[in-house]
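Enquirer: Using the sequences and the accompanying hints, generate a full structural model.
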Amino acid sequence: MINITLPDGSIKHFDDTPKGMDIALSISEGFARNCVALEMDGALLDLNQPIEKDAMVRLLTVKDEESLEIMRHSAAHVMAQAVMRLYPEAKLTIGPVVEDGFYYDIDMAPVSEEDFPKIEEEMKKIVNEKVPFIRRMVSKDDALHFFKDDPYKQELISELQDGTISLYQQGDFTDLCRGPHVPHTGMIKSFKLMKVSGAYWRADQTRAQLQRIYGTAYFDKKELASYLHILEEARKRDHRRLGVQFDLFSFHDVAPGMPFFHAKGMAIWNALLDYWREEHRAAGYVETKTPIMLDRNLWEKSGHWENYRENMYTSTIDDFDYAIKPMNCPGGMLLYGTRRHSYKDLPIRAGEIGLVHRHELSGALSGLFRVRAFHQDDAHIFMMPDQIQEEILGVLRLVDRIYSTFDLGFHLELSTRPVKSIGTDAAWDMATHGLKSALNAYGKDYVINEGDGAFYGPKIDIHIKDAIGRTWQCGTIQLDMSLPERFDLSYIGKDNEKHRPVMIHRVIYGSVERFFGILIEHYAGKFPLWMAPVQAVILPMNDDLIDYSEQIRKDLEKSGLRIDMDARTESLKKKVREAQIQHIPLIITLGEKEKESGTLSVRTLDGTVRYGISQKDLLEKALTHIRSRRSDLIQV
RNA sequence: GCCGAUGUAACUCAGCUGGUAGAGUAGCUGAUUCGUAAUCAGCAAGCCAACGGUUCGAUUCCGUUCAUCGGCUCCA
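If you count the first sequence from 1, you need to add 1173 to reach the working numbering.
Just so you know, not all the hints are guaranteed correct.
[Stated by the list, open to error] The following label-pair restraints were derived from C-beta to C-beta distances:
| # | residue 1 | residue 2 | range |
| --- | --- | --- | --- |
| 1 | 1644 | 1317 | 37 to 43 Å |
| 2 | 1513 | 1450 | 26 to 32 Å |
| 3 | 1293 | 1638 | 30 to 36 Å |
| 4 | 1717 | 1399 | 47 to 53 Å |
| 5 | 1380 | 1450 | 47 to 53 Å |
| 6 | 1303 | 1418 | 46 to 52 Å |
[Said to hold, decoys possible] Distance condition first, Cα-Cα at most 27 Å in a straight line; then the derived DSSO-like pairs of lysine-lysine:
| # | residue 1 | residue 2 |
| --- | --- | --- |
| 7 | 1768 | 1746 |
| 8 | 1236 | 1297 |
| 9 | 1517 | 1609 |
| 10 | 1298 | 1368 |
| 11 | 1789 | 1699 |
Since the hints were derived computationally from the structure, they do not count as laboratory data.
Keep in mind it's a predicted model, so treat the numbers as computed, not measured.
Glycine included, each C-beta is placed from N, C-alpha and C at the ideal position.
Expert: The following block contains the structure:
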């Protein structure tokens, strides 16, 4: 007899070894229909697998989080089966679940999205057949024999530990798989193939190029529809699209990956940097600037010539080799080295909005998110070892303050010493401990990525989360144990001896260009007043009011507003509509009534209109809102 | 860089199997002088990404290059 304990504490008794499905059926048939898999002793199992001993069991239904992944994995198998039916020559490799669905890497002739309908049609047939997923345990030799025609599966199997290997069969199709799977293919109700791309076997460029077919699946048609809707929303707020629509920036074939910023884009850019400078001044930073083109000797000294050469733009002038900087640090080292430093000078916090160029692979370029020329809001902090914790903490607090201004949440990740690294154990311990104690003092949870640090030191990466839930790594704090050494930096300590300072690189926006792009999508083009390229627009009611309007416009502009006038002979309706579409936060209309009373009518982006506002009141409200850099809509 | 897709007016996009191009928006001109999300009419606008090839003839077919997009890889 087998006793099964359910999460609510109730115990079910079975005479022989029950399967998960039997347990589910013992509760009710309707419940069983929604069951996907079960959890026993922390492991996930199929409902078709017999349970041979007393156990605590949790049945997973379509409502449980883990179920979606299980079903998507099953969907990948169904897709593989459909592909094999249509393309018998194809060789399967791996088909995992990813964040928004699943994919399967298949060695086959290139397919395109045009082939999706017929694959989806075939998948539908398989789903409608409601064939069960059957788990089979075989020996390694049997598995190798079974997949004798598929070199990829052979490779995978031969890497598995000896012992029994599980295969899953649905109808005429069998795949190597750890499982678990849903009970039958009928549970894969709503799915869609999303895209196809090339991928290398084992992500190795020297190996076979496979077709990676992406799909997604949900238990509910509505959920799939809502996912597709979110994709559509993301597409609508795509910064490349909005960049054209709002006249912010452009790209040109003569300089791929190097953005051109238009007047409106620069208004936002300057607002971002004004804010950055204000915060950094307050946090005790000074600002520096170093040239973008430097002699090869410097890059040899810093190690970039050896390690980063393929990403650098180089040039020969008067028989000397130069490189355009891909990073600001070597210049920063030279600045530190221009004079002697006392321990009393430390820490030195030297910021630099540095323009760097990196020759990224052409296929990697993507709008402002991945460019070849960009500005880093860099800073190098030079300090004594016992200042590490306090300095890192200071950076974390600055990061918090700045991201909060944009309503961006964030999380932290600490990366520790990689296998290939320089420096002594003692130095790494000291550095890693410094970062950890700062993180602990800061008090926010963080993830540890063991062995993911740079070869020259450990780092803290800061990942932000935007308005539609996507995460981006922007900020990073990297402790550098290499450059101070290479540049022989020193300070004179209390003991009147030379000591090596500790140095960190850190960025908060990361790449100003990319951060800009993220903000465009985060706000969907509806920038807070303080960032808005055009903060206000004046709409004269008719041509006779143009002179008066221009006078008001100039007054407001003098007070510090970025303000335009739309003097076209168009209907007010049309001008209001266009101002709304441009997301101009303050839309000021001027008619005879306003001229007589010397007031303004102001429409805000929430659609409300206030009449009889005095110029003074409007300015006061607007300027206060701007100065405090509020992110909510202004109301007057 | 690799795989796949795409490249037509300033923007968004039509253009079946080859016979040198259209729409909406924007622009310009004219009329309308308007009270809070699109007034009307007309005009102009394109070396159909570039370069080769096939053809009597290429935006259309083929090749190469460039750029863009989705992935791979890499990363701020």
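Enquirer: If a hint holds in the structure, say so; if it doesn't, say that too.
Expert: Here is what the structure says about each hint:
1. 1644 / 1317: 37 to 43 Å: holds, 41 Å
2. 1513 / 1450: 26 to 32 Å: The hinted range 26 to 32 Å holds for residue 1513 and residue 1450, with Cβ atoms some 28 Å apart.
3. 1293 / 1638: 30 to 36 Å: About 33 Å separates the Cβ atoms of residue 1293 and residue 1638, which means 30 to 36 Å holds.
4. 1717 / 1399: 47 to 53 Å: holds, 52 Å
5. 1380 / 1450: 47 to 53 Å: holds, 49 Å
6. 1303 / 1418: 46 to 52 Å: holds, 48 Å
7. 1768 / 1746: holds, 20 Å
8. 1236 / 1297: holds, 23 Å
9. 1517 / 1609: Measuring from Cα to Cα gives roughly 26 Å; hence the hint holds.
10. 1298 / 1368: Within the cut-off at roughly 21 Å; holds.
11. 1789 / 1699: The hint holds at about 25 Å.
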